[in-house]
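Residue numbers (the numbering used here), protein chains in the order written: chain Y, 27 to 507; chain S, 27 to 507.
No lab work stands behind these hints: they were computed from the structure.
One should not assume that every hint holds.
Copies of one chain are not kept apart here, so a pair can be met inside one copy or by any two copies together.
Claimed, not checked - Within a straight-line C-alpha distance of at most 25 angstroms, the following computed DSS-like cross-link-like pairs (lysine-lysine) qualify:
(1) 37 - 302
(2) 182 - 55
(3) 425 - 302
(4) 472 - 360
(5) 360 - 429
(6) 307 - 182
(7) 55 - 472
(8) 360 - 47
(9) 148 - 429
(10) 266 - 205
(11) 307 - 150
(12) 238 - 41
(13) 75 - 304
(14) 266 - 381
(15) 47 - 367
(16) 37 - 304
2 protein chains.
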Amino acid sequence: MEKPQRNWDTKRVQKAQRLAKISQLMTGKYVETDQIITVLEALIAPGDKVVLEGDNQKQASFLSQSLEQVNPEKVNNLHMIMSSISRPEHLNIFERQIASKIDFSYAGAQSVRVAQMIEDGKMKLGDIHTYLELYGRLFIDLIPNVVLVAADKADKAGNLYTGFNTEETPTIVEAAAFKDGIVIVQVNEVVDELPRIDIPAGWVDVVVPADKPYELEALFTRDPQNITELQILMAMMAIKGIYAEHGVQSLNHGIGFNTAAIELLLPTYGESLGLKGKIAKNWALNPHPTIIPAIESGWVESIHSFGGAPNMGHNPGGRRHSTPAWQSLRDEEKPLGKGQKLVVQMVETYGSNKKPVFVETLDALAVQEQASLANAPVMIYSEDTTHIVTEEGIAYLYKATSKEQRQAAIAAIGGVTPLGMTSTKESLDQLRQAGIVKLPEDLGIKRSDAKRSLLAAQTIDDLVEWSDGLYQPPMKFRTWS
Amino acid sequence: MEKPQRNWDTKRVQKAQRLAKISQLMTGKYVETDQIITVLEALIAPGDKVVLEGDNQKQASFLSQSLEQVNPEKVNNLHMIMSSISRPEHLNIFERQIASKIDFSYAGAQSVRVAQMIEDGKMKLGDIHTYLELYGRLFIDLIPNVVLVAADKADKAGNLYTGFNTEETPTIVEAAAFKDGIVIVQVNEVVDELPRIDIPAGWVDVVVPADKPYELEALFTRDPQNITELQILMAMMAIKGIYAEHGVQSLNHGIGFNTAAIELLLPTYGESLGLKGKIAKNWALNPHPTIIPAIESGWVESIHSFGGAPNMGHNPGGRRHSTPAWQSLRDEEKPLGKGQKLVVQMVETYGSNKKPVFVETLDALAVQEQASLANAPVMIYSEDTTHIVTEEGIAYLYKATSKEQRQAAIAAIGGVTPLGMTSTKESLDQLRQAGIVKLPEDLGIKRSDAKRSLLAAQTIDDLVEWSDGLYQPPMKFRTWS
């Protein structure tokens with residue numbers, strides 16, 4: 027076997043060469059705020075894989091705005107990896123031909139523009155990933171050359187404090203730091219002593235004080251004022267018909283008003299059912315202010331704020347999690363039968379756009395075609411969804427024994443949507459008898475009891491009061507001066 | 027709504043009270059080696075959830091041996107959380123009634139004793155988890171009171187260097203440090219300056235110099251000398267019939283001789299097929315010395331050594347990973363069809379214990395009964411396994427359209443096992459025609475070509491030579507002085 031001669035530190039040498047180009051601009055690990063464009067032009071090479079931190083809350087906004095201003099003749103053809111496309115400059119860098127390819131997880135408000143740019147050939151799409159998949163691949167086959175992240179504070183040595191808004195910063199930094207990638211951090215503030223070191227200076231290459239604090243959107247704030255009585259009814263059904271029924275102890279909530287209503291009913295309706303200490307104790311939850319009353323009244327034992335988003339609608343294979351809830355979905359007749367994570371979809375039959383929520387064909391297929399995706403970007407597959415709650419009732423989909431029965435169960439709680447209209451009284455009766463569908467009356471819930479007065483907090487002010495003034499709402503949610 | 031008065035820092039106060047008990051014994055964060063038993067008795071309270079670091083390689087052996095020696099009248103009824111039960115004292119602490127409950131992932135050599143202790147009521151079992159599940163729950167509902175971990179080096183301030191054997195140390199430390207748990211670390215060495223800070227001192231409460239370095243077992247070392255020609259044949263089939271067929275680029279290997287043979291055939295057989303640069307580039311792999319020739323000959327672009335073990339046999343729902351391999355398993359006829367991760371089981375039809383590998387009933391069911399488990403501890407479920415390779419051929423299970431066809435395909439490559447004997451020539455012919463089973467001849471592989479001379483390294487010495495002396499094999503693998 028003849029062994030070819032190889033240079034084993036190409037990546038390390040390349041990193042050192044790039045950093046040497048800016049040595050005149052550096053004081054320790056620091057560069058001046060107004061030098062950042064020069065720095066980016068020196069450290070980022072054409073074709074690089076670049077991670078730009080920006081999830082649905084926290085944005086490395088100074089660095090993204092700076093990246094937009096680099097000279098496309100020096101920096102171009104970048105392969106961007108971003109969990110969320112949320113700011114205009116995230117797309118402007120493609121317009122300016124600084125970047126040409128993207129892997130991402132969420133586009134939200136920018137998704138129309140994204141689709142158009144893909145169609146126009148201005149942007150080449152890797153994939154629309156789950157968050158976990160995207161972060162995982164940073165360590166495998168999307169290893170970044172440069173990462174651009176944000177921290178709250180840095181000390182003189184370059185140690186970082188990411189504080190309450192850590193999010194995925196450590197993961198992104200780690201993916202680069204241990205593979206000779208370059209780590210560039212914008213910081214809000216430089217201090218002598220950090221409250222805590224979250225990321226050691228040794229993992230960081232360049233620190234730049236930002237012109238202003240990174241953008242932070244309080245995405246998880248839901249004003250209780252906007253919770254409707256229909257949502258309260260659905261929340262009552264979820265608490266009694268799902269949480270109590272299955273003994274759900276560890277859980278995660280989406281950010282809609284439906285789940286906000288659940289949180290706000292625990293200290294009232296939940297308490298009246300004697301469920302305190304029995305359900306909803308251990309939370310994986312990003313900071314939802316509507317959870318405050320449940321915390322203050324002693325319902326919540328722990329919260330883990332995960333940042334980014336785990337793969338919520340996904341039941342991990344090989345998992346053994348013999349909690350009452352997981353175990354309650356096990357098919358006892360199969361010796362190798364396994365439990366299942368409960369994935370509960372809460373939807374009103376007509377969404378806020380006045381369109382029926384149950385459709386023949388998902389928009390995901392149109393997106394797939396328009397963006398020439400290899401796969402339709404479905405977030406949660408049918409086989410993982412165990413329950414659907416609408417204002418009409420609950421479909422216990424996991425109990426359905428055929429695809430047809432599953433569809434009938436969805437139709438039975440589909441209200442006056444086209445799908446709902448296909449349901450017959452016979453079908454509904456059969457499904458209720460089999461326990462596959464439950465209406466409010468089957469759960470002993472009176473529709474007329476679903477009143478806003480049941481909410482533990484009816485306004486943002488109430489949340490502040492529950493917290494003894496500890497909760498400081500974002501400015502746009504304040505009704506007082 | 028009346029709000030009960032609550033004390034919001036019970037955990038922080040409790041932690042401070044415990045640490046105050048040993049303040050006389052501490053110099054900075056350090057305690058003396060011979061004081062550790064007193065320290066453990068002061069810091070661990072009856073009923074605590076305690077994580078003891080010990081995976082299949084790295085053991086916090088000084089701390090586990092010390093825990094075994096605490097006074098059970100002071101420390102008892104512990105709920106241990108350990109990824110691996112591997113050392114005698116891991117069970118002795120249950121014999122001595124220091125601990126009473128366990129959640130774990132792997133027992134290996136200790137599993138007979140574990141089952142007996144459960145049957146005898148000396149040990150109460152939480153669950154046998156996947157590694158990811160176990161680590162995940164440290165942040166949700168198995169939040170530890172105390173964690174006992176190991177590091178290579180610490181500096182005077184208590185910053186830690188975990189170096190090449192980081193494994194799950196940072197995850198365990200994080201789970202405790204951010205929830206007012208107590209972090210106790212044994213270190214091999216105290217130095218003035220660390221090569222790198224892996225864990226900041228602020229996350230650590232107590233550092234103790236160990237009496238000797240933590241135990242480290244080179245679990246992933248496979249001596250090429252023991253690779254058989256049958257295994258080489260199977261490896262050839264895997265390379266040509268699976269890796270080349272599906273264009274597998276990102277991958278993970280188990281630690282058996284079957285997969286060691288694959289690694290060692292890449293620079294020879296793989297090269298002869300013109301596959302270099304096309305397959306097996308990005309690895310998630312713990313340190314397998316048999317990968318050295320593939321690295322040195324330029325096959326490997328990256329390796330991420332993950333520590334612990336990801337959920338290898340598990341195809342994450344909602345994943346979009348449109349690599350050629352993942353995409354090649356997509357059912358094109360379904361508009362919402364999705365790709366699938368390839369999960370390849372490589373087994374000889376008769377295992378090393380001379381028993382048939384295909385059985386009517388899994389041992390997991392007996393384990394479940396004996397240990398009164400809520401679920402049978404199956405590691406990889408049938409629906410996740412996409413291919414099986416035996417010395418007879420490959421079953422492309424993902425192509426089977428029914429459970430019966432799946433079983434027939436397994437029987438067709440089942441050799442002279444009882445299951446294999448049920449296969450008929452007609453069935454085999456049909457399966458070959460449908461491309462569901464391929465024999466070596468279908469792949470253009472001659473059985474007589476499967477020679478040990480194909481291995482890029484035939485001995486441990488060869489691996490050392492490939493590495494230019496960089497690889498230092500564990501003592502027991504050395505045949506020279």
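Each hint, compared with the structure:
With identical chains, the CA atoms of residue 37 and residue 302 are at most 25 angstroms apart between copies only, with a shortest distance of 21 angstroms across copies and 56 angstroms within one. Taking the shortest Cα distances, residue 182 and residue 55 sit within 25 angstroms of each other both inside one copy (8 angstroms) and across copies (24 angstroms). Taking identical chains as interchangeable, the C-alpha atoms of residue 425 and residue 302 are never at most 25 angstroms apart, the minima being 27 angstroms within one chain and 49 angstroms between chains. Within a single copy, residue 472 and residue 360 get their C-alpha atoms no closer than 38 angstroms, and across copies no closer than 42 angstroms, so neither meets the 25 angstroms cut-off.
For the homomeric pair residue 360 and residue 429, the shortest alpha-carbon distances inside one copy (20 angstroms) and between copies (15 angstroms) are both at most 25 angstroms. In this assembly of identical chains, residue 307 and residue 182 lie within 25 angstroms of each other by CA distance neither inside one copy nor across copies; the values are 41 angstroms within and 40 angstroms between. For the homomeric pair residue 55 and residue 472, neither the shortest alpha-carbon distance inside one copy (64 angstroms) nor that between copies (60 angstroms) is at most 25 angstroms. Taking identical chains as interchangeable, the C-alpha atoms of residue 360 and residue 47 are never at most 25 angstroms apart, the minima being 65 angstroms within one chain and 53 angstroms between chains.
For the identical chains of this complex, residue 148 and residue 429 are neighbours neither inside a copy (41 angstroms) nor across copies (46 angstroms), given an alpha-carbon limit of 25 angstroms. Taking the closest pair of Cα atoms, residue 266 and residue 205 never come within 25 angstroms of each other, the shortest separation being 50 angstroms inside a single copy and 31 angstroms across copies. Proximity of residue 307 to residue 150 under the C-alpha cut-off of 25 angstroms is restricted to the inter-copy arrangement: shortest distance 23 angstroms between copies versus 44 angstroms within a copy. For the homomeric pair residue 238 and residue 41, neither the shortest alpha-carbon distance inside one copy (28 angstroms) nor that between copies (38 angstroms) is at most 25 angstroms.
Only between protomers do residue 75 and residue 304 lie at most 25 angstroms apart by alpha-carbon distance; the minimum there is 20 angstroms, versus 48 angstroms within a single protomer. For the homomeric pair residue 266 and residue 381, neither the shortest alpha-carbon distance inside one copy (28 angstroms) nor that between copies (51 angstroms) is at most 25 angstroms. Taking the shortest alpha-carbon separations for residue 47 and residue 367, neither the intra-copy value of 52 angstroms nor the inter-copy value of 43 angstroms comes in at or below 25 angstroms. In this assembly of identical chains, residue 37 and residue 304 lie within 25 angstroms of each other by CA distance solely across copies; the values are 21 angstroms between and 54 angstroms within a copy.
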